[in-house]
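Respectively, the protein sequence lines represent chains A and B. Following my numbering, the numbering of the first sequence begins with 1 at its first residue and continues without gaps. Following my numbering, the numbering of the second sequence begins with 1 at its first residue and continues without gaps.
Hint data in this document are derived by calculation from the structure and do not stem from the laboratory. Any given hint could be a false lead.
[Stated by the list, open to error] Each pair of labels, with its calculated beta carbon distance range:
#1 A:Met232 to B:Tyr113: 15 to 25 angstroms
#2 B:Gln70 to A:Pro112: 18 to 28 angstroms
#3 A:Ala58 to B:Trp59: 51 to 61 angstroms
#4 B:Lys3 to A:Asn201: 35 to 45 angstroms
#5 B:Phe32 to A:Lys231: 25 to 35 angstroms
#6 A:Tyr23 to B:Pro187: 47 to 57 angstroms
#7 B:Val22 to A:Ser176: 58 to 68 angstroms
Beta carbons: idealized from backbone N, C-alpha and C, even for Gly.
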Amino acid sequence: MRKFAWLSLVKRVKNILKAIKKYFGLFLKYIGFIWLKQRFQRIPNRYKKMIYGLLFIAPWLIGLVYISIPIFLKSIRMALSDKYYFITGVGWQITGKWYEFTQFERIFTEEPYHLSQISATFEDVLLVVPLVVIFALILALMLNQKIKGIGIFRTIFFIPVILLSGNMLMNFERNSLLTVPAIANGTISSFMTDYFPDLFNEVLLNAFGQIVLILWLSGVQILIFLAGLQKMDKSIYEAARIDGASIWELFWKITLPAMIPLIYINIIYTTIIYANLSNNALIQLITSSSDESRSLAGTLTDEINYGRAYSAALSWILFGIELTVIGFYSLVVRLSSKKYD
Amino acid sequence: MEKIKKILFGRNEQSGLIFKIVIYLLLIGVSFIFLYPLLAMFARSLMTLEDLINSTVSWIPRNPTLKNYQTAFIWMQFIKALTDSLQVSIMPTLATVISSALIGYGFGRFDFYGKKILMFLMIALFLIPSVLTYIPTTVLYRDFKILGIEVKLMDSLKAFWVPALFGNGIRQTIFILIFYQFFRIIPDELFEAAEVDGSSTLRTFITIAIPLVGPAFLICGLYSFVWYWNETALARLYFGSEYTTLPMSLDSFIATYSSMYSQGQLSMDAASQTYNIGVQYAMTLISILPLLIVYLFAQKWFIEGVDRSGIAGN
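Based on the provided sequences and hints, a complete structural model is requested.
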């Protein structure tokens, strides 16, 4: 008797579930889905395409709303707070008013311990960026020659594209592999100091001192220049040659003007990549002061020395440095290329 | 005389012998500088401890040995580190490539209101330096919710591939732009023909668009793989001790080594047998060897990538 009741109960539940499924299906079919589908088909083609387009980029939109923008806003809020820490069960705590600019005051006036790192990074980026762009252009011109075996050289020149990382550069720096000894302290430097003005020497010796760094940084830039060079119309060169232009003139009057948009791109690219490599003083400061225990716990103890807010402010300063460098060199290129317009 | 001059200096189109020799010399010189760190590391990784200490030996080891490599293999637990590395790079790479293809297709083939603004936003957000987002990202990922669902990102591979799936992988904007460019240059007629034949949008995408952009998949896959492979700072932060990739293991070796010898001096004691610069270089070379192999097989695509991405102004 009991067994029978049990079975009937199971049966009943099953029936109910079946009915729910059926009616839900009907509901979906006749009220929701089919209607939507019909409506969708009636939408003009143009709007339909829009909806499809939005559906395709939906992953990015979700990422934008849930990852990129929150991160961006957080980085602003962090830089403008006093302390930013986590308490289990309560959540993230923010202290300090945003308009007080506590961290920036700390960095520039109250505790100016890190100003030297900031200015060192600024000088470093300011020096390396033009060198990389110029070297990249020269190397791209060399690689653009039609001679035998150029493929091998290309393969070698682009190895840094895959191997370049902050750690790799730090590895080189620690073991003084950033310069080729024969270049750094050989005859070149003494020759230079004898014959050239000081400022010029300083820049050039600096370039030789980190020649490996500069070449290793220029992989992608060479690629960009090379792609641009190969797209250039050969007939312009021929026409100019017939008119009696020398190679020197060809470079200054035809090649260089065509490269100017790419120079802007490369200035931006180099600045961003180089400023974000972990071998500069500011980045090391930012990573070391943000998470003392390297545990992501985010507790108040991590905030004792400098803390998240402090390093967020430092990263905004780094961003400022990047923008300044990009702006400065873009202006230089723009002013010096004015005669081409 | 005229002939010699022609050979040496060349005529209009043909460059002369002198020019060629100069170019070759320059190219060889620059190639040497490019390879210098790798060559120096290779030479020193073959040296015995005596050679390393002896300052008169600078390039060619007196009695080359592979012992440093052996030590390195054992220290970094090569097989485990390699599998970890592959796991850490392959999964996020797949996520990056799939989502970049979708997003690139959406941007490349469809017109909708605000597309320009969205693309501008994408590029603007990309230009923001990664270090600026470094700290807030770790704060965000710690208790991450997406569409109200809590996703445990920390201490698992999800910290890499979930953001990649939503267009926030490492430098993913570049990949989206590459796909955008590739999809845009496909002629419209192909898609119109498919539509007339009654193919749905998704089907057109899978059967027509994707096969046409094979190179884009390769380029993005390779770059993404390399970048995830090289990423150590984020990996250490996200994975903790769950995964130890080859570069991470190299890092921890360097940390131990430099804490032992702050000035880099070596002695003949037992610790120096394991912790010396030769082992460190051997380890460095081991950790980049897989990348070099990939590069040598796929260099054509690496180089074509920038050309096709449209960064160079088309």
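Hints and how they fare:
The hinted range of 15 to 25 angstroms is not satisfied by Met232 of chain A and Tyr113 of chain B, whose Cβ atoms lie roughly 38 angstroms apart. Distance hint check: the CB atoms of Gln70 of chain B and Pro112 of chain A are about 50 angstroms apart, inconsistent with the given range 18 to 28 angstroms. In this structure, Ala58 of chain A and Trp59 of chain B meet the distance hint of 51 to 61 angstroms, their C-beta atoms being roughly 57 angstroms apart. At roughly 44 angstroms, the beta carbons of Lys3 of chain B and Asn201 of chain A sit within the given window of 35 to 45 angstroms.
Checked against the given bound of 25 to 35 angstroms, the beta carbons of Phe32 of chain B and Lys231 of chain A, roughly 30 angstroms apart, stay inside it. Take Tyr23 of chain A and Pro187 of chain B: their Cβ atoms lie about 48 angstroms apart, and the range 47 to 57 angstroms holds. Distance hint for Val22 of chain B and Ser176 of chain A: a CB-CB separation of about 30 angstroms, inconsistent with the stated range 58 to 68 angstroms.
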